[in-house]
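Enquirer: One letter stands for each residue in the lines below.
2 protein chains.
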Amino acid sequence: MSETARRQQAIAAAAKAGVDALVITHLPDVRWLCGFTGSNAALVLPVSSRLRPVLVTDGRYTAQAKSEARGVKVVIAPKAAAIAASEWAAKSRLRRCGFDEGNTTVAALKQMQAALPGKLRRGFFAPIGSLVSTLRWVKDKQEISRMRAAAALGCRLFDTIFDHIVPGASEAEVSLALEYNARVAGATEMSFPSIVASGPRSALPHGRASSARLPRRGFVTLDFGVVLDGYCSDMTRTVHLGRASAEERRVYEAVLEAQEAGVAAVRPGISGGDVDEAARSVLRRARLDKWFTHSTGHGVGLEIHEGPRLAAGQTQKLEPGMVVTIEPGVYLPGKFGVRIEDMVLVTQTGAEILTPSTRAWIEL
Amino acid sequence: MSETARRQQAIAAAAKAGVDALVITHLPDVRWLCGFTGSNAALVLPVSSRLRPVLVTDGRYTAQAKSEARGVKVVIAPKAAAIAASEWAAKSRLRRCGFDEGNTTVAALKQMQAALPGKLRRGFFAPIGSLVSTLRWVKDKQEISRMRAAAALGCRLFDTIFDHIVPGASEAEVSLALEYNARVAGATEMSFPSIVASGPRSALPHGRASSARLPRRGFVTLDFGVVLDGYCSDMTRTVHLGRASAEERRVYEAVLEAQEAGVAAVRPGISGGDVDEAARSVLRRARLDKWFTHSTGHGVGLEIHEGPRLAAGQTQKLEPGMVVTIEPGVYLPGKFGVRIEDMVLVTQTGAEILTPSTRAWIEL
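Chains as they are written, first to last, in numbering that gives the first Met the number 0: chain A, 0 to 363; chain B, 0 to 363.
Treat the hints as calculated values from the structure; they're not laboratory data. Careful: at least some of the hints might be erroneous.
Pairs involving identical chains hold if they fit within one copy or between any two copies, as the list cannot separate such chains.
Unchecked claim - Derived pair list, reagent style DSBU-like, types lysine-lysine, alpha-carbon separation capped at 35 angstroms:
1. K72 to K289
2. K289 to K316
3. K109 to K289
4. K65 to K109
5. K15 to K90
6. K109 to K15
7. K78 to K109
8. K90 to K78
9. K334 to K65
10. K78 to K15
11. K90 to K109
12. K78 to K334
13. K78 to K289
One chain only, chain A, in its complex shape (with noise of 0.2 angstroms):
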């Protein structure tokens, strides 16, 4: 789908909110919107066709709006392009403009309601939520081959860390490998800063790549992602040196179990709130659900979180073309934890793993 179809959804979904035109400050928006990728844009989309959709940005960005930007006309303007932005809409005649709430500051509405005239004030910005966001949450056949390469890239570097997964390294020798690897692959970025948690640290769901030396005897906890031609991954893998205890075999099953049970419920239809009862249902019967504090999943593509929301009480429907996380895991405080997470694609039957790198016991 090319960046026109994506405006014509946009607009559709615009003209159905009962709004002129939207007002897109939301930087992935944005670009997926029109493919601009610099830091201060707005977009405008007016609902009628006499009108083009113009790209609000500053002088910094002349040249690459120039080459990046299509469909669109490009407006350079000395300050704020939310500013430029509503300024451009008031003299264009529009007058109710949706805008994301969800994405716009309490001062930086107050800064667009007073770019405009005094007597256009009164409800000319309409609030729409996530409207655009939530469009992105289906992937289009491109989006796809991007996620795609994204994931596989993340599934190569997992693959190729063993020899650095040793006692003694540190988490961040551990990170800074897999991160070098990444780059030297074409990454731009990592999606998030990379979690390699060690020892009592797996107990930590968030336990960034720290100092810590890894244990002779423990798990390790991998929870990373790339950025590729701008679409994110994200997987998790939990491995093991040295011999572990029955109780670290008994919990690694059972969050295994919880994923692939998980995994096993995506499909169109199924809410958010059945793929999380049923990874956490495992952990239930496990006796382990009260050490499972935190979601099953989210969305995933231009943005590392995006909809829609795998947790308790979601009763939005899993869509195909949709990309999702499944990473159910269990933390122990004080002793150890244990995560597992894939990236998944509904597709119109099931679901497809596009991360398929072992999830199987690794003891190294």
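Guided by the hints, dock chain B onto chain A, whose structure is given.
Expert: Chain B in isolation, oriented as in the chain A frame:
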């Protein structure tokens, strides 16, 4: 200055602003006030000494909050920290809480208000701007020492990168070498995506390192920073490969003169606008100001972009302990660009450059 002293500063500012408490959700502010570095956090800081400050986070961070947070009661809640903090504030009989409208989305404020009993909602949350972030502009002794270390690491990285700056190497390879060395030296991450912009790409003020290859003749601009112990560095140098043209030399000398004039202007009591003008006027005399398309500098600390801004019209006065960048540039579209940037500490009497790597002409 300890976190306790910082909290006293913030409490005094809150009392002056006429609120009972601050509800702080901007993560660098939370970290500055209590040491906690997790990604979901809200700090309630009551003015009354009868109530203890409360840090709210979720179950992923139980152990981390216990080990990092100092002088605060930790509350673990299975929901967004800002919402749980709002509930806690209402239950603690607080009646008017300041929040930072520049770092709170319209949707988040609505959720925070919805967490209150209906009769309390009106006027409970009062916008008080970036009150805590503004306190952070002036660094204390411990912070200055950390910023010195981060800046010094940045200089060491620049001083040892020349072997990688050769015709035919890709910009991405140069940035990777820089970033690898940074991590080996202890940086946790880069403070922003490194800019390595070569040849005509040096005319892009924000030219992130790309697959473009360094030319036999032309400029290479390196703009990068590390994060060390939480604090960011930021510096830019522009070097020349091969023999330069007279125009290239002339532009370089003008930018250098502008940068030195900017640094020389820094002292307590001068406004951000006047520092900008000191640098800009040099380029005006050289008839190059038209191509200086951004502001002269910004504060830096726990965040890469903090206040004060050094830009036209900024009346904010510099104070001892502030750390700012001085980074004029000239960008001739399609031809080349030059930027030179230092981090500068405002002292009692003037300025101290924290990034003393040579700014003299370098031809490789």
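Enquirer: Pop the pair K72 and K289 into one bin, within, between, both or neither, using alpha-carbon distances up to 35 angstroms.
Expert: between (54 angstroms within a copy, 23 angstroms between copies)
Enquirer: State whether the alpha carbon distance between K289 and K316 is at most 35 angstroms within one copy, between copies, both, or neither.
Expert: Classified as within; 26 angstroms inside a copy, 53 angstroms across copies.
Enquirer: Checking an output row: K109 and K289, CA cutoff 35 angstroms. Within, between, both or neither?
Expert: Close across copies (31 angstroms), not inside one copy (44 angstroms); limit 35 angstroms.
Enquirer: Regarding K78 and K334, is the shortest C-alpha distance of 35 angstroms or less found within a copy, between copies, in both, or in neither?
Expert: Cα proximity of K78 and K334: across copies only (25 angstroms, versus 52 angstroms in one copy).
Enquirer: Under a CA distance limit of 35 angstroms, which applies to K90 and K109: within one copy, between copies, both, or neither?
Expert: Result: close both inside a copy and across copies, 18 angstroms intra and 30 angstroms inter.
Enquirer: Check K15 against K90 for me: Cα-Cα at most 35 angstroms, and say if that holds within a copy, between copies, both or neither.
Expert: Within one copy only: 23 angstroms inside a chain, 41 angstroms across chains, cut-off 35 angstroms.
Enquirer: At most 35 angstroms between C-alpha atoms: does K90 with K78 qualify within a copy, between copies, both, or neither?
Expert: within (17 angstroms within a copy, 42 angstroms between copies)
Enquirer: Which holds for K78 with K15 at a C-alpha limit of 35 angstroms: within a copy, between copies, both or neither?
Expert: Answer is both; intra-copy 31 angstroms and inter-copy 32 angstroms each pass.
Enquirer: With 35 angstroms as the alpha-carbon cut-off, assign the pair K65 and K109 to within, between, both or neither.
Expert: Classified as within: same-chain Cα gap 30 angstroms, cross-chain 38 angstroms, threshold 35 angstroms.
Enquirer: Please work out whether the CA atoms of K78 and K109 approach to 35 angstroms or closer within one copy, between two copies, in both situations, or in neither?
Expert: both (15 angstroms within a copy, 28 angstroms between copies)
Enquirer: What label fits K109 with K15 when the C-alpha limit is 35 angstroms: within, between, both, or neither?
Expert: both (25 angstroms within a copy, 24 angstroms between copies)
Enquirer: Cα distance capped at 35 angstroms. Does K334 pair with K65 within a copy, between copies, both, or neither?
Expert: Classified as between; 16 angstroms across copies, 55 angstroms inside a copy.
The structure meets every hint from the earlier list without exception.
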